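Enquirer: With the hints as constraints, model all of the structure from the sequences given.
Those letters in the sequence shown? Residues 313 to 435, per our numbering, in order.
No wet-lab data here; the hints were simulated from the structure.
Hints may be right or wrong, so weigh each one.
[To be verified] If you anchor each label on the Cβ, the simulated ranges turn out as follows:
{"no.": "1", "residue 1": "431", "residue 2": "346", "range": "31 to 39 Å"}
{"no.": "2", "residue 1": "371", "residue 2": "417", "range": "32 to 40 Å"}
{"no.": "3", "residue 1": "419", "residue 2": "327", "range": "30 to 38 Å"}
{"no.": "4", "residue 1": "403", "residue 2": "350", "range": "35 to 43 Å"}
{"no.": "5", "residue 1": "430", "residue 2": "350", "range": "27 to 35 Å"}
{"no.": "6", "residue 1": "370", "residue 2": "314", "range": "15 to 23 Å"}
{"no.": "7", "residue 1": "352", "residue 2": "417", "range": "32 to 40 Å"}
{"no.": "8", "residue 1": "423", "residue 2": "335", "range": "31 to 39 Å"}
{"no.": "9", "residue 1": "395", "residue 2": "354", "range": "19 to 27 Å"}
{"no.": "10", "residue 1": "370", "residue 2": "434", "range": "21 to 29 Å"}
{"no.": "11", "residue 1": "427", "residue 2": "349", "range": "33 to 41 Å"}
{"no.": "12", "residue 1": "345", "residue 2": "417", "range": "26 to 34 Å"}
{"no.": "13", "residue 1": "345", "residue 2": "432", "range": "32 to 40 Å"}
If you're wondering where the values come from, they're calculated on a predicted model, not measured in any experiment.
Just so it is clear, CB atoms sit at the ideal spot from N, CA and C, and this is done for glycine as well.
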Amino acid sequence: AVTVLTSLTLEAWRAGASPQEEDVTEAVRRLAALAVEAGAHGLVGSARETQVLREVGGRGTFVVTPGIAVPGAIVSDQARTVTVEQAAASGADILVVGRGVRSSPDPRAALMMIQDALQEVGS
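Expert: Below you can see the structure in the form of structure tokens.
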């Protein structure tokens, strides 16, 4: 279940994306709780909120994090990005890196860099 899109800026969120007066972290917590209550086994959100997603979903819930910035790739519409290292260190189970690899001048090198970063965080 998707919580808050990584393409939403804080300004866009405050301008009306949220039906309630809450910040992004509170919204992620609320939406994740609704999803888990409905039976979701996976939660999608920025690596900035991985800890919140883990608290709500528990260890048995998959946490998927899009919005991963890949060095050298064309900057996209993602507003709340994190580096590969930050996402891996956050404890996310699955990192979505497709756009960063696809828009890189050298997709193979981008994948190798991601692999190296993941191995370094894991060691």
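Enquirer: Against this structure, judge whether each hint is valid.
Expert: Right, here's what the structure says about each hint:
1. 431 / 346: 31 to 39 Å: holds, 36 Å
2. 371 / 417: 32 to 40 Å: The hinted range 32 to 40 Å holds for residue 371 and residue 417, with Cβ atoms some 39 Å apart.
3. 419 / 327: 30 to 38 Å: holds, 35 Å
4. 403 / 350: 35 to 43 Å: Since residue 403 and residue 350 have Cβ atoms about 23 Å apart, the given range 35 to 43 Å is violated.
5. 430 / 350: 27 to 35 Å: holds, 31 Å
6. 370 / 314: 15 to 23 Å: Hint holds: Cβ distance 18 Å, inside 15 to 23 Å.
7. 352 / 417: 32 to 40 Å: holds, 37 Å
8. 423 / 335: 31 to 39 Å: holds, 35 Å
9. 395 / 354: 19 to 27 Å: Once the Cβ atoms are compared, 22 Å apart, the range 19 to 27 Å for residue 354 and residue 395 holds.
10. 370 / 434: 21 to 29 Å: holds, 22 Å
11. 427 / 349: 33 to 41 Å: holds, 36 Å
12. 345 / 417: 26 to 34 Å: At roughly 41 Å between Cβ atoms, residue 417 and residue 345 fall outside 26 to 34 Å, so the hint is violated.
13. 345 / 432: 32 to 40 Å: Check passed, 34 Å falls within 32 to 40 Å.
Hint compliance for this structure: hints 4 and 12 are broken, all remaining hints hold.
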